[in-house]
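K.L.:
Residue strings, one per chain:
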Amino acid sequence: MTYKKILNRVTVAFIALLVFLIIFSNTLATLSAKRVVLEFASRGIITTVDADGTAHTTNHPNVIPLSALHRDGNGHFILYAESVPKRFGSSYHARILRVDVGRRNDTHAAVTPIMGQDMPAYGIITASNEPVFSGERVRIVE
Amino acid sequence: MMNATIKKRLLTAILIFFTAVLAAGFMLPVFITVINSLMKGFEVRSRFTMNILPSNIFYVLDVFPQIHYVRMTLSPDYVSAGQYAALFRYAEYMNAMLNSLLIALPAVLGQLVISVPAAYAFEFLKWRNKEKLFFAYIVIMLMPLPVLLVPQFVIAGFFGISESLPAIILPALFAPFGVFLLRQYLKTLPVEFIEAAKIDGAGQFRILVSIITPLMKPAIAALALLVFIDYWNVVDQALVFITDIEWQPLSVYLTRLTGNFNIIFAASVFYMIPALLAFLHGQEHLTAGMKITGLK
Numbered sequence: 001m002t003y004k005k006i007l008n009r010v011t012v013a014f015i016a017l018l019v020f021l022i023i024f025s026n027t028l029a030t031l032s033a034k035r036v037v038l039e040f041a042s043r044g045i046i047t048t049v050d051a052d053g054t055a056h057t058t059n060h061p062n063v064i065p066l067s068a069l070h071r072d073g074n075g076h077f078i079l080y081a082e083s084v085p086k087r088f089g090s091s092y093h094a095r096i097l098r099v100d101v102g103r104r105n106d107t108h109a110a111v112t113p114i115m116g117q118d119m120p121a122y123g124i125i126t127a128s129n130e131p132v133f134s135g136e137r138v139r140i141v142e
Numbered sequence: 001m002m003n004a005t006i007k008k009r010l011l012t013a014i015l016i017f018f019t020a021v022l023a024a025g026f027m028l029p030v031f032i033t034v035i036n037s038l039m040k041g042f043e044v045r046s047r048f049t050m051n052i053l054p055s056n057i058f059y060v061l062d063v064f065p066q067i068h069y070v071r072m073t074l075s076p077d078y079v080s081a082g083q084y085a086a087l088f089r090y091a092e093y094m095n096a097m098l099n100s101l102l103i104a105l106p107a108v109l110g111q112l113v114i115s116v117p118a119a120y121a122f123e124f125l126k127w128r129n130k131e132k133l134f135f136a137y138i139v140i141m142l143m144p145l146p147v148l149l150v151p152q153f154v155i156a157g158f159f160g161i162s163e164s165l166p167a168i169i170l171p172a173l174f175a176p177f178g179v180f181l182l183r184q185y186l187k188t189l190p191v192e193f194i195e196a197a198k199i200d201g202a203g204q205f206r207i208l209v210s211i212i213t214p215l216m217k218p219a220i221a222a223l224a225l226l227v228f229i230d231y232w233n234v235v236d237q238a239l240v241f242i243t244d245i246e247w248q249p250l251s252v253y254l255t256r257l258t259g260n261f262n263i264i265f266a267a268s269v270f271y272m273i274p275a276l277l278a279f280l281h282g283q284e285h286l287t288a289g290m291k292i293t294g295l296k
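Read top to bottom, the protein sequences are chains H and E. The numbering of the first sequence is the working numbering, which starts it at 1 and goes up by one. The numbering of the second sequence is the working numbering, which starts it at 1 and goes up by one.
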């Protein structure tokens, strides 16, 4: 096989690979992303009981599961999965939102975004197969 | 006589030696990049813990292995295709690759479509102030790019195309270099071709398409190659016009991967391949075109 023929074949193979990757890299990236479970914040009633047995009931607009609540040196935060439109489909990326925690019970907590921000319209990450960091691409599982 | 032959051979040997050393010097970064692309991410991280600086350049070659910052090697501890596997799943990289193609290919095609008839008109048609305009072309060609960027930025803003790829592509279509290169080539063609075609009743368009363009193939191929490589490596215009990461070409996006040891070298190698293939396809034409046009 001559040099020219080999070069032509290599070029064709590279172009085919490039086209495949450009079209499907978004899908490949999503398939290999960390898997997360989402839940939406909802209005709910939190009932807490003091040490003296007094029950307190709060009706709060943003109640989330405790598994969605995290804490670091700067306070509490939640992670949500933001949908980012791409040329070939869309992808979900984890984003951080700092929150103040109000009343909480064994399973849920009432949260308020700090600095007057709104609660995200996206699902909040409640579980993941690996630790998720802000900005990372995630794959949503049911 | 004998002395002269020995002298000539010695001179040739010395020239070959220096050329080989020079070539090796130029190729070394490419070799190192390719070899490092076959390392695992953790090995790359362990070898490149700091930037190469004049203060630690001597440690690069393991002269003082007890104190090292960067440890380059031509043989990885473990050969792995892991960087490429990770790269192929890196959608943002492929998006940037697509942006680069969307800039380079239209720039090449557009510049050819405009430069070929323009060069023909400058060389073979008679019209007023032709040479003055061509002089203006040369002056613009000799201007440094940063000087041209400001008016280009203003014009792109006026047409509302800044922050988009056409802001880079449109000025590329009308770049004077292509016209200059092709006109230099046309100067080498005998005028008899044109006269014979005119006698046969061919119009200007027919002469351009059927006679001149096929004869210009080496120069067109050389121009296509030079423009492709130029716009594949575009940085200045991309930095000025495109701030949205989603639309940045790979030449600019690559700098964002500097700290990503899991893919950085594979990303660099993959970035080189299109330009390399373009060069391998067009190198004969490039050298032929350079010889004829007298460009170096």
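Hint data in this document are derived by calculation from the structure and do not stem from the laboratory. These numbers come from a predicted model, not from an experiment. Check each hint, because a few of them may be wrong.
Not the full set, but computed from the structure, chain H residues with beta-carbon under 7 Å of chain E [stated by the list, open to error]:
1. I6
2. L7
3. V19
4. S25
5. N59
6. S67
7. L69
8. Q117
9. P120
Every residue gets a Cβ at the ideal spot worked out from N, C-alpha and C, and that includes glycine.
K.L.:
Determine for every hint whether it applies to the structure shown.
P.N.:
Do the hints match the structure? See the list:
Taking 7 Å as the C-beta cut-off, the interface hint given for I6(H) is violated, the closest approach to chain E being about 10 Å. Because the closest C-beta pair between L7(H) and chain E is about 6 Å apart, less than 7 Å, the hint holds. The closest approach between the C-beta of V19(H) and any C-beta of chain E is roughly 10 Å, which is over the 7 Å cut-off, so the hint fails. Given hint, S25(H) at the interface with chain E, holds; its Cβ is 4 Å from that chain's nearest Cβ, closer than 7 Å.
Hint status for N59(H) relative to chain E: violated, with the closest Cβ pair at about 42 Å, above 7 Å. Using the Cβ-Cβ criterion of 7 Å, the hint placing S67(H) at the interface with chain E is not satisfied: the shortest such distance is roughly 28 Å. At its closest, the beta carbon of L69(H) sits 30 Å from a beta carbon of chain E; the interface hint therefore is violated under the 7 Å criterion. For Q117(H), the suggested interface contact is broken, since its CB lies about 23 Å from the closest CB of chain E, more than 7 Å.
With its C-beta approaching chain E no nearer than about 21 Å, P120(H) sits outside the 7 Å limit, and its interface hint is violated.
The earlier numbered hints that this structure contradicts are 1, 3, 5, 6, 7, 8 and 9.
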